[in-house]
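Read top to bottom, the protein sequences are chains F and L. Okay, so the first sequence: first residue is 1 according to the working numbering, each after it adds one. Okay, so the second sequence: first residue is 1 according to the working numbering, each after it adds one.
Everything labelled a hint here was simulated from the structure, so no lab data went into it. It should be emphasised that the depicted structure is a prediction, and the values quoted were computed from it without experimental measurement. We treat Cβ as the ideally placed atom computed from N, Cα and C, and that holds for glycine. Be a bit skeptical, because a hint or two may be false.
Stated by the list, open to error - Pairs of lysine-lysine residues, derived as DSSO-like cross-links and limited to a Cα-Cα distance of at most 30 Å, are as follows:
1) F:Lys94 with L:Lys69
2) F:Lys94 with L:Lys54
3) L:Lys51 with F:Lys94
4) L:Lys132 with L:Lys150
5) L:Lys109 with L:Lys132
6) L:Lys69 with L:Lys109
7) L:Lys54 with L:Lys105
8) L:Lys51 with L:Lys105
9) L:Lys105 with L:Lys69
Stated by the list, open to error - To spell it out: a stretch of chain L is covered by chain F in this simulated footprint if at least three of its residues, at any positions, have a beta carbon under 8 Å from a beta carbon of chain F; those stretches are:
10) 114 to 124
11) 199 to 205
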Amino acid sequence: MDAFLTSRIIADVLGGLTNGVIYGMVALSLVLIWRSTGVLNFAQGAMPMFATYVGFALLSYHFGYWACAVAALIVGLAVGGLTERLVVRGLYGKPEINPIVVMVGFLIVLEAVAAAIWSSFPRSLPSPFSSIDWQLGGHPVSLSPFTVYEIGASIVVMLLVAALFRFTNLGLQLRASALAPEVSRLLGVRVGRLLTLGWMLSTAVGVVTTILVSSNFFTGLTPQVNDGIFAFGFIAAAVGGLESPVGAIVAGVSLGIILQFVQDYLNSNAQIIVALVVLIVALMVRPNGVFTKSSLRRV
Amino acid sequence: MIAIDNLSVSFGAVQALRDVTFRAETGQITAVLGANGAGKTTLLRTVSGLKEPKSGTIAMDGQALVHRKTEDIARMGVGHVPEGRGVIGEFTVEENLRLGAMTAKVNLKSGLEEQYDQFPVLGERRKQHAAKLSGGERQMLAMARALIAKPSVLLLDEPSLGLAPLVTAQLMHTIRSLCETNDLTVILVEQNASSALRIAHRAVVLHVGHVVANDEASVVAGDENLRQYYLGLVE
């Protein structure tokens, strides 16, 4: 049993899971925004990056890790809401290329402003958990207190999002606004406010992933911290089907595990190539995504 | 009561409604009849605030509705069952009803019980996805979802569309009894003129955006010219 737990395969699965839940969360945020507003949010990584910088600026004022994390979440909610109201609202109902161009521009602006204020040097967030792997019979098990925190926090956030959508009145209204905005308005649902709330929530979810990734001793927080994660999260969303929240998470976790094996058995530079091959094959076999039920799309 | 005065609505250069004036009284069904493209659906969408009129006024019990947001008009007590019913297929029957009750200040539990009493088939299928319901059941659900919010006005857009004649007859009977028991102001838009005229108190006939008749339903039903030229009812 010990030999199994310390084996290379298990190490890859656990390592892949850690990255995969992050890709899954990015994919989930993309799907939620796409389904409710028809906008592919290319700034999905940059917005929470910016909020995380602002929140963790409090470190200089002797606030602790958790206080900064809460501040970053609050800033994330504000960034998401303001972006929807000031940047995105005018783009609804326009050709799909318009929001893409605007959001790519917004991504570049946010990264440039962050670099101008905080510089591009990695800033380490003082994680309260050790990154040193646990040992089992003298062998490391590819699992540290930090990775447990990373996986655990991701799963808790996903469960919270699922519970919000499934069990609460607010979640029901959010889903209704996305599925049938006009009918929802006829029933008195304030669709405009709910769309703002959707952007706030998805940015807050992004802040959680950004904090988790930047708390890793080996990466730290940079203006580009989410670029790679966004690319893999985007591929996961496209593979899972942009209409399917569950598909996004499953595809994200699977992609994380596949890429970990690629890194281990080939090399890390092959990861993006394999990810793109997975995307191309998936789109050739199921152009609407692996988990999308019908071939029809809402227009 | 809904009072519509000199209402004109246009889509670009196309005028959909011209100087439309009529009253829909409380406790009565006012049928709005006419061929395809007569402006019936546009009329209801304008009452609900989904479409801004070019000119004219709409008032509910003296309160102006024009220039208000759709969601505010709904919260004032206007229930609108749109063309094609607007049931959310991905939601269960009960979730659809919960959504209807949510923005109105009504008790969900007693509201659900009331609707399940009124439409027993919905109670039997409360956990099923709405996409699995038949056309008639969907229409019941759409009406129940509007009624659970206790509206004072009910706008029904082509409720008989796609239903078998027997189901349509039952539905019309239900609409009449709902109107009477709840003292509702009902505006019933229908292409199926004969079914609508059987239950309506008054009828307004639209022809390319104009009101060509506005009278007691029995009078409209008995007018040979209207029947032949505007309602397509030939003996």
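So, going through the hints one by one against the coordinates:
1. Distance hint between lysine 94 of chain F and lysine 69 of chain L is fulfilled; the C-alpha atoms sit about 22 Å from each other, no more than 30 Å.
2. The straight-line distance between the Cα atoms of lysine 94 of chain F and lysine 54 of chain L is roughly 24 Å, inside the 30 Å bound, and the hint therefore holds.
3. Straight-line distance between C-alpha atoms of lysine 51 of chain L and lysine 94 of chain F comes to about 19 Å, which keeps the hinted pair within the 30 Å bound.
4. Pair hint lysine 132 of chain L plus lysine 150 of chain L holds up; C-alpha atoms about 26 Å apart against a cutoff of 30 Å.
5. In summary, the hint linking lysine 109 of chain L to lysine 132 of chain L is supported, as the alpha carbons are separated by about 24 Å, within the 30 Å threshold.
6. This hinted pair checks out: lysine 69 of chain L and lysine 109 of chain L have alpha carbons roughly 28 Å apart, not beyond 30 Å.
7. Note on lysine 54 of chain L and lysine 105 of chain L: the hinted pairing is violated, with a Cα-Cα distance of about 33 Å set against a maximum of 30 Å.
8. For a cut-off of 30 Å, the pair hint linking lysine 51 of chain L to lysine 105 of chain L stands: about 26 Å separates their Cα positions.
9. A C-alpha spacing of about 19 Å is found between lysine 105 of chain L and lysine 69 of chain L, which places the hinted pair at or below 30 Å, so the restraint holds.
10. Against chain F, the region 114 to 124 of chain L contributes 0 residues with a C-beta closer than 8 Å to a partner C-beta. That does not satisfy the three-residue criterion, and the hint is violated.
11. Restraint check on the region 199 to 205 of chain L versus chain F: 0 residues with Cβ-Cβ distances below 8 Å, three needed, restraint violated.
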